[in-house]
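My request is simple: use the sequences and hints to build the entire structure.
Residue 46 is where the sequence shown starts when you use our numbering, and the numbers rise one by one after that.
Have a look at the derived ranges for each label pair, beta carbon to beta carbon:
#, residue 1, residue 2, range
1, Thr-47, Lys-79, 31 to 39 Å
2, Lys-51, Glu-82, 37 to 45 Å
3, Thr-70, Met-48, 20 to 28 Å
4, Lys-87, Lys-49, 43 to 51 Å
5, Asp-72, Met-48, 24 to 32 Å
6, Thr-47, Leu-86, 41 to 49 Å
7, Asp-62, Lys-83, 27 to 35 Å
8, Lys-79, Thr-52, 37 to 45 Å
I should point out that these hints are in silico values taken from the structure, not numbers from a laboratory.
Here the structure is a predicted model, which means the values were calculated and not measured.
Where is the CB? At the ideal position from N, CA and C, for every residue including glycine.
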Amino acid sequence: QTMKNKTDLIYGQSITDACLNWKDTEDCLESLSKAIEKRRLK
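In structure tokens, the structure reads:
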């Protein structure tokens, strides 16, 4: 959301940067999980 008037802000919604959608979040977490697993196998 864009910061216009503080009374119009939506609680819990970012004003600093765009949020990831659910699919992108899943992909990011899956990538992180694989990287951790790979590192632990070393």
